[in-house]
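A.B. asks: In case you want the letters, here they are:
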Amino acid sequence: MSEVNDNRKKTTYREAVREAIREAMKKDERVFLMGEDVGRYGGCFAVSKGLLQEYGPDRIRDTPLSESTFTGAGIGSALGGMRPIVEIMTVNFSLLALDQIVNTAATYYHMSGGAFNVPLVIRMATGGGKQLAAQHSHSLEGWYAHIPGIKVLTPATLEDARGMLWTALEDPDPVLIFENSLLYNMEGELDTDAGAVDIDKAKIMRTGRDVTILTYSLSLFKALEAADKLAEDGIEAEVVDLRTLRPLDNETIFRSVSKTHRAVIVDEGWRSGSISAEISARITENIFYELDVPVQRICGAEVPTPYAKHLEEAALPQVDTIVQTIQNLIHQKSYV
Amino acid sequence: MYEFRMPSLGADMKAAKLVEWKVKPGDKVNRGDIIAELETEKGDIDVEVFEDGVVDQLLVDPGNKLPVGTVLAIIKNGGEEIIHEVKPAMKKVEEEPVRKERPEISRPGYREQPIEKEHRVRASPLAKKVAADLGIDLKTVKGSGPNGAIEKADVVKAAEESKKEKIPKEVVFPEPERKATEERPFGMRQAIAAAMSRSNREIPHYYLQTEIDMSKPLKWLETENQKRGVKERLLPSVILMKAVAKALNDVPELNGYWQNDQLEIKDATHIGFAISLRQGGLIAPALHHVDMKNLDELMHDMLDLTMRTRSGKLRSSELTDGTITVTNLGDRGVETVYGVIYPPQVALIGFGKVTERPWAENGMLDVRRVLTATLSADHRATDGHRGALFLEALNRYLQDTENYE
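Just so you know, the sequences run in chain order P and E. Counting from 1, position 312 in the first sequence corresponds to residue 312 in the numbering used here; the numbering is continuous, with no gaps. Throughout, the numbering used here is defined as the position within the second sequence, counted from one, plus 1000.
These are calculated hints, taken from the structure and not from any lab test. Quantities reported herein were computed from a predicted structural model and do not represent experimental measurements. Positions of the beta carbon are idealized from the N, C-alpha and C atoms, including for glycine. A few of these clues could be false.
What the hints assert, rightly or not - No farther apart than 30 Å at their CA atoms in a straight line, the calculated lysine-lysine pairs in the DSS-like style are these: (1) K259/P with K1313/E; (2) K259/P with K1142/E; (3) K1227/E with K1024/E; (4) K1227/E with K1065/E; (5) K259/P with K1028/E; (6) K259/P with K1128/E; (7) K259/P with K1266/E.
To be verified - Chain P is faced by these chain E residues, among others (derived, beta-carbon under 8 Å): (8) K1129; (9) E1151; (10) R1357; (11) P1358; (12) A1360; (13) N1362; (14) M1364.
Construct the complete structure from the given sequences, taking the supplied hints into account.
C.D. replies: Okay, here's the thing in structure tokens:
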């Protein structure tokens, strides 16, 4: 009993990300962090608190309020042999750096005929639910998953928050890490020797025979809670954490859906042209004859995220919506 | 509304002659009913209709030779009474002006599309797949999903119920009708020539051969037949077919089609059964679902199929459904058959004559009744190892006839 506790420690998602940055700084002196308020303020979500004192202003660098500039500087230093971690406050602000990310970072290896790769990692917060309204609450990671040349990671668990960064830094190409800001305060236990994890496989977080819930990031925990409730009703849901949105792990998705013959995708992003649309399309393209019901999607409502608490809740996927959708699907009341 | 078109009854059929209509406008038809007789290289074929409905128009007169795909008739499957008074008027207004622009498109099918949609079977992709595998007609299945959609569980339930109801049918010998046309043997020769040339050109065949001791299964069959009346007796071919189906269950890669550069394994086991014709040539119509039928059902179906093949009374589905072929030349005194695969199938099983031979086993010499079984298989789809497993399984199941259903 005590032995188990000895190998586990209580931590939070925020501390796990900080620990991952600290490990990378220690292991590789080419690694440095830059972004708005990451130094003296300790990061707008307090992820980098204390790192300036530990590593000094050369490696923990505050930048001007210009996403395009410091993302571009990150690309330049990556080309110059460094291993930068660029932090962008939220995905909404990353749109100012879209040209750097999509036109430069993602294309450079290709445009240079393989001469220059860009080993850059960009971290940013995503997601709604904090009453920050329509310019700070969106989930645009699905957009980035559209772009060839970059990888898109969405760590949900403490293990992934702790382990994905190092693997991303080792990748020769640009990697974007999306951290749902509601997850930073999540508490849990982590192995004391937790370290790097793979970034190319989806993970089955709960096994079940009746329906597959495909999801990622914060929605994973809503899906797991929904699965608990469904189990009381005799419905065994399998929950898959996609973990990486680009490249998608087709194999795990297809294997699970081929087993349960029902697929439900939960995605905070807007429905039209979303990652959930992509997953649904792949399922029907590849394993159409395994489907016993139409693929269902539970997505964010197609409105700018509302400020009012009750409206914001209504606009985002919730546990009850997931439970109800799946009950309808299985008890044949109606499809959504 | 649904357009009944000239069906393709095999890879090499390009056209056929309409001999006669078996229905007239206003007749009610159910899926599987025979609605016309065609004259093809493979004989006169009774053609089944694919949907329930009412015959609306017959567009072609008997005696015409027509290419595959030609619309032959319009079947109304709206489920309602046909309103004869309205129809001709609509035809004049809508049909004629459009015909000038696009003469090849038949308008009724387009105009009535919404009605067809309402009445199509609502079944999930998985339910459709399972229904095809189990040989269940989705039209007979009651759906439990939204708006009556059929899901997998509904099909499985229907299959279980139909199995319970199944009673062995009485063997009926149809009246043989002699109706050999002069051009049939020549046309059939050409069709066989085309299929076999394609097979030899495209399929890298490999051949495996094994000797099977038939003493035990034949003894069992003889004992079994003693208990039966003359009409209920079983022929050795029946246990051979059954054993092939069982062995295919173990090595499914031999049961399917090579299409678009890949092997498509078929879940249903429809064994093409080569039948030679008195006027020359051969046809290998499919015995459907051999794996799911008991020996009595198989015997009945084989006799029925043979009689109808020889009298030129096959149904269209029997010509197109074969997933593998069995050829038995034992009756003709041949000991070993090296067959040519019928594309797009990927294997052919050959059986020779059962002969008495010296047989050594456990250091002892005995005289046994021995059958040579051969496998011709497509090397693109399988390797010799799988083929060998199949022949081994075939032998094992033949030694196990007392445990057949």
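A.B. asks: Take the hints in turn and mark each one as holding or not.
C.D. replies: Hint check:
Between K259/P and K1313/E the alpha-carbon distance is near 44 Å, which puts this suggested pair outside the 30 Å criterion. Among the hinted pairs, K259/P with K1142/E is consistent with the structure: their alpha-carbon atoms are about 24 Å apart, no more than 30 Å. For the hint pairing K1227/E with K1024/E, the CA-to-CA distance comes to about 48 Å; that exceeds 30 Å, so the pair is violated. For the hint linking K1227/E to K1065/E, the alpha-carbon distance of about 51 Å lies beyond 30 Å, and the restraint is violated.
Between the alpha carbons of K259/P and K1028/E the distance comes to roughly 42 Å, so the proposed pair goes past 30 Å and is violated. In summary, the hint linking K259/P to K1128/E is supported, as the alpha carbons are separated by about 17 Å, within the 30 Å threshold. For the proposed pair K259/P and K1266/E, the alpha carbon gap of about 20 Å is at most 30 Å, so the pair holds. Given the 8 Å rule on beta carbons, the hint for K1129/E holds: about 4 Å separates it from the nearest Cβ of chain P.
Given the 8 Å rule on beta carbons, the hint for E1151/E holds: about 5 Å separates it from the nearest Cβ of chain P. Hint status for R1357/E relative to chain P: violated, with the closest Cβ pair at about 48 Å, above 8 Å. Checking P1358/E against chain P: minimum C-beta separation of about 52 Å lies over 8 Å; hint violated. Checking A1360/E against chain P by beta carbon gives a least distance of about 49 Å; that is not within 8 Å, so the hint is violated.
For N1362/E, the interface hint is violated, since its Cβ never comes within 8 Å of a Cβ in chain P; the closest pair sits about 47 Å apart. The interface hint given for M1364/E is broken, as the beta carbon of that residue sits about 52 Å from the closest beta carbon of chain P, more than 8 Å.
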